[in-house]
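Based on the hints, put chains B, C, D, E and F in the right spot on chain A.
Okay, here's what each chain looks like letter by letter:
There are 6 protein chains.
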Amino acid sequence: MIRLALAEDVGTGDRTTLAAVPEDARAEATVTAKASLVLAGVPFFTRVFALHDARVVVSAVAAEGAELGPGELAVRLQGPTRALLVAERTALNILQRLSGTATLTRRFVEAVRGTGARIVDTRKTTPGMRVMQKHAVAVAGGANHRLGLDSGLMIKDNHIAACGSLGEAVARVRAQAPHVFKVEVEVQSLEALEQALVAKADVIMLDNMPLDLMRQAVQRVRAGDWPALLEASGNMDLDRVRAVAETGVDVISVGALTHSAPSADLSMRLVP
Amino acid sequence: MIRLALAEDVGTGDRTTLAAVPEDARAEATVTAKASLVLAGVPFFTRVFALHDARVVVSAVAAEGAELGPGELAVRLQGPTRALLVAERTALNILQRLSGTATLTRRFVEAVRGTGARIVDTRKTTPGMRVMQKHAVAVAGGANHRLGLDSGLMIKDNHIAACGSLGEAVARVRAQAPHVFKVEVEVQSLEALEQALVAKADVIMLDNMPLDLMRQAVQRVRAGDWPALLEASGNMDLDRVRAVAETGVDVISVGALTHSAPSADLSMRLVP
Amino acid sequence: MIRLALAEDVGTGDRTTLAAVPEDARAEATVTAKASLVLAGVPFFTRVFALHDARVVVSAVAAEGAELGPGELAVRLQGPTRALLVAERTALNILQRLSGTATLTRRFVEAVRGTGARIVDTRKTTPGMRVMQKHAVAVAGGANHRLGLDSGLMIKDNHIAACGSLGEAVARVRAQAPHVFKVEVEVQSLEALEQALVAKADVIMLDNMPLDLMRQAVQRVRAGDWPALLEASGNMDLDRVRAVAETGVDVISVGALTHSAPSADLSMRLVP
Amino acid sequence: MIRLALAEDVGTGDRTTLAAVPEDARAEATVTAKASLVLAGVPFFTRVFALHDARVVVSAVAAEGAELGPGELAVRLQGPTRALLVAERTALNILQRLSGTATLTRRFVEAVRGTGARIVDTRKTTPGMRVMQKHAVAVAGGANHRLGLDSGLMIKDNHIAACGSLGEAVARVRAQAPHVFKVEVEVQSLEALEQALVAKADVIMLDNMPLDLMRQAVQRVRAGDWPALLEASGNMDLDRVRAVAETGVDVISVGALTHSAPSADLSMRLVP
Amino acid sequence: MIRLALAEDVGTGDRTTLAAVPEDARAEATVTAKASLVLAGVPFFTRVFALHDARVVVSAVAAEGAELGPGELAVRLQGPTRALLVAERTALNILQRLSGTATLTRRFVEAVRGTGARIVDTRKTTPGMRVMQKHAVAVAGGANHRLGLDSGLMIKDNHIAACGSLGEAVARVRAQAPHVFKVEVEVQSLEALEQALVAKADVIMLDNMPLDLMRQAVQRVRAGDWPALLEASGNMDLDRVRAVAETGVDVISVGALTHSAPSADLSMRLVP
Amino acid sequence: MIRLALAEDVGTGDRTTLAAVPEDARAEATVTAKASLVLAGVPFFTRVFALHDARVVVSAVAAEGAELGPGELAVRLQGPTRALLVAERTALNILQRLSGTATLTRRFVEAVRGTGARIVDTRKTTPGMRVMQKHAVAVAGGANHRLGLDSGLMIKDNHIAACGSLGEAVARVRAQAPHVFKVEVEVQSLEALEQALVAKADVIMLDNMPLDLMRQAVQRVRAGDWPALLEASGNMDLDRVRAVAETGVDVISVGALTHSAPSADLSMRLVP
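Chains as they are written, first to last, in my numbering: chain A, 1 to 272; chain B, 1 to 272; chain C, 1 to 272; chain D, 1 to 272; chain E, 1 to 272; chain F, 1 to 272.
Mixed in with the good hints there might be a few duds.
If chains are identical, the list can't say which one is meant, so a pair holds when it fits in one copy or spans any two.
Derived lysine to any residue pairs resembling SDA-like cross-links, with alpha carbons at most 20 Å apart [stated by the list, open to error]:
no. : residue 1 : residue 2
1   : K156      : L190
2   : K200      : W226
3   : K200      : D250
4   : K200      : R222
5   : K34       : D225
6   : K34       : M236
7   : K156      : V109
8   : K200      : D157
9   : K156      : E23
10  : K200      : G224
11  : K156      : S267
12  : K156      : A192
13  : K34       : A256
14  : K156      : G248
15  : K156      : M236
16  : K200      : D225
17  : K200      : A35
18  : K200      : P227
19  : K156      : G167
These are calculated hints, taken from the structure and not from any lab test.
If we strip away everything but chain A, and leave its shape as in the complex, we get (with noise of 0.2 Å):
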């Protein structure tokens, strides 16, 4: 994907820079947040610079996850002129995206911070930055969900329907799945939650439901003797997700982690 970036960008050659740049001229150059932000992406800013040309020294000056303020230190490049300024934009759209996403995570995990839930990725993500984007969710705090329709099972409304029932579909999936996957099933009402029950639903993933239908269904499940987790779903934002945790879900996926973060203001600058 890295590989990928850099060739869309940089093509057969930076022709302004290779005219304008003597091959052996040398800098130093620095990143720095200009807003607040979390950081995230550095192993895969350094990753370009590496690819792109092996003499680029890249120093992790924040951690992965850190608090920055603007105008605070993140990293420090050292190179051949050259290198750095061919694979600054590749580079920083990375880096700014993954630390945008970092910077949301951040704040939804300290919104529910204190209730137990755990807040976790989708599979919304950005074509072909999904294992960037849910390393940048780990960092801030956040947990993975599912990494791809290959490594794990969610039984949906339209499996439901061309098995007949949710128990059936349930029966169907454990029976072909590799055992040491759970069996998830997205439930959006209280009679859908008690067919999940019967049928020994691991996660039971509580779709789209006001506050009241959500709390209703966490009293049920922990009044049972089946110990499922609940999972709670659906255009989430910051200004509900803590009435969502407070109703007692285990987690909470939020789709917005990796569709819609903003851009994370980081810019690099050559030291003169």
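Coordinates of chains B, C, D, E and F only, in the frame set by chain A:
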């Protein structure tokens, strides 16, 4: 890129769908807007399904660049139910992001309507998605800046510093560059603008200039005899872009089109 | 993988066939079992020909997982004679190995029939053929363990040693892992089993335990209130697997399915 | 191929090890034989670790082709504990299979010792592993047949049928083939052998001939003046191979070396 | 290779054609010879269009290896105008080079007609185009030498020096090489020729020998009883090749076929 | 591309060298010119060895673009003898072709010295070698035309025909193209030249014009007020190029640089 996106989501297969949905089930599905938006990316959306399972037939209902209101139909699909469910997320992830970029681009284009200024994108694109994002900008009425470092010449501060003067930088770059590329120079003051005109820069970027200074720059260039194009750049937003356009610049480049556009809200449903 | 296999056998072309067989010759061919076997891999066999020459039509005569006796027909082919001869070896190499795995799997599955134990594969697969081999196990009635290191959690001795205790290892892994994965722990003694139950391990692997100890382990778990799954593992063979199953374990993992199954005997002939 | 094998096992990372083992832990490990075997594949075993994490140092203790008894040391490793644990299975899967092939090859080579016959492999290799398997055959004292369809000429029944006669087939193939390749023809009778001699085939394969017929064929060729090489082929096993060699053939090809050799038993342990 | 060639020319798209030619325009085109030439490469020419846009229909009017005079038609095309214009240069670049090689090859073949000598190519091919160039040589009536270093055995000075003697070099190579490859040795004197005959080299290359010496070498070999093939090599040109052939050698290798053939003059025109 | 070239020559290994040269042998080698030439391609030559075996040390003795006489040294190498022998042909094939292009380019550049005209290359490059060939042109004193169809705008007859008029074609292309590209138009008459000036084409290509017409075209443009660049094109050769340059055109494009330059004669020898 699309193969990569499919691979990261589908991996070795959607274990839930393979277990729950019979191989011979077929279905229809629709993609509809859930909010007002400008549609972009249907050719890539279609390509996701073509690469995943060639039996899925995707029919565009609305054209690239069309405005859709909430509930309006964008695309119809027909094919094996499994394929519809498995490739859905990857295809939607792409369509939502590109429609997000198109929607924001259209707002910028409308903001400058009648002024003669052209809205263009930048290199601040999502890694791996540059070609797709530039397509979204174009169908929404924007134009594309250079694709990458190898297909254009842009002389910035660091290049000028390395060459000793703006004039020397332009001379060196012009000597080595293909004669079919224009030479663009970034300036931040009227003094630099004078030097750019002396050097016969083909395009002059007014970088982060206040409106007043920008107006003076435009007057200076229009009054002279070298027909340089003028490009305004720097943290452009919808509040300010009209005033910038009214200074008389030819081109306004907007990084936000590709690094800050929120995903557009589109959903896909199986037709019951 | 199939492209790789074709490339390594065909390279720049089958010089003998190109010289000896006219371009427009067409033929039919059959694949038959030369011994009793369980058929697996026809979709991959078909894919070899599709990738080599799309004009070859391959028709499965027997289903995946079907038992064939000597002389029974598995597949019919029709197409350009050159293509049939050139891709034959690559296609057969795959079909013979996968049918070998299916044949051995079926024998294990039959050996435990009626006991409730499930036969599963391991990560001891042939490099590059994991997905194909797991398919062969599945069509023969076995089930699949985790696909790889990223789609499951298995705590072994070295992990426990690194964490200081089994309980700590489970805690650390659960804290970082997706909530949709079960946590599996390998134990070799009843003491370790107790710790695994305290740590609420979802799956407990009884590693290389003598039958007697295994029986005690099963009784201990069934008598308690934590519903852990029990997996037996370690040099499993057909002589011993029934007794293992009768201890009451849920799952028996068998490395031999994928690392020691002899190729099944199938041959392809042109119909004169 | 090695990248592919690592990718299918490790995927996006070993979640258990990443959670349980600290990033800075380092360890030593050993690979030992658990049964008598001929070692092969250490260069590929080493390459797995080099590709996964270049900091792992792998030292071969025994040479390629060495015979090891139970408990004897094959390889030492040193490096980050995480890397040792993550790449272990992929590296061992390769080493065990190649040592299995080498072990079986050595037994065939010893069975014909003193006869002048050469044991060679076939194209019945494991998909994707041909080069590695041929290496294992060679270090164990066998020799390699042609690598693939493009690096040798072998005229079989179907080619003869397409050309009308054996003589015509040899003529056509020789006319088009590089002059540096020998022409090999498969014969099943003394009549066909006569035709092959008339056609001046460089190598004649005696396919599935009974011992007695094979002896006559050898005598016929040795008595004539065309110095063809003779290759015996067809379901060769250890019981029969000595007698075949004693007929006086030059080469004996054995498919079992690469399609039926059981994995050799080697294990890797961290040094406490 | 063809994908690579298309990618380097077309990149993200032909901006001129996309802007100037409507998407639904269709056209016919022809490829004609502008000078006398031997046509080669139409299958690769066709493949360029197939990979770029499967809707283009390419019909060969003349056969591979046909001689065309100025103005004679080689190929007809029909399809979307855009596709015809975009892929034209890439397709022609290939066709012109291969026809250049075929044209020169034909002249060498004709120069030796009636002598029994065979014209063959070398490894001095254009990087990436070896298979295509060898095809061009073959359709023009030449033959192919070994494809690469792994599909043939050629003992040169440096190998002999490393082994101590020519005889030892042949012995070592024969011991390790597949029995289906001939062993070729390069000699520059009659003394070396004697050693090659003693060593029973299958092919002997007379490297850069004067005609007179070459004649003696041929007589020596034909007078003996070891039926070695003789290959003449070294800066072969059209003036000298007939005399070389008349010495009685079997094979003449000509590097110029692939490293010095000028492009043949073919042009493509849209039919008005 | 370099990987591809190595793969097609080396394949699974140089069987001769592996058999004849010991693994631990080391040697020095030199590359010398055998005729007068301009050197180009040493960085790519070096890269071949780096990719094949990183232990080979390649030292450039002469600079890119240097003129070498017969016997003059270009490059020194040191490393494992096997690696030197195995990668030699691939590395030389590249160096000889690029030096061939540089040698021819230098002759064209010298032919126009003092006239102010610039010699540039075209898209008639060898498939896969465009970037390398353009490098060779540049180091020899030529300049590069656009790299491919996506990094420049060239309006030809077919585009004009599709648009109805030259003016309309320029308008359409300018409206859709990046503002940093110049628009070039091909003209064959003075009438078309007038239209190109009216349309304010940035570059005008005089295609296959006789000298006299070319002179009139130059006078017409210099006399007007639109500062278009003039490019001469069409079967340019060394006999005619000086006269073309003296007409006063700015740029002369020469296809022969990349499609007809004979390989330069360089050879590599092991130092005894």
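Query - Enumerated hints in conflict with the structure, sorted upward - result: As far as the earlier hints go, 5, 7, 14, 17 are violated by this structure, in ascending order.
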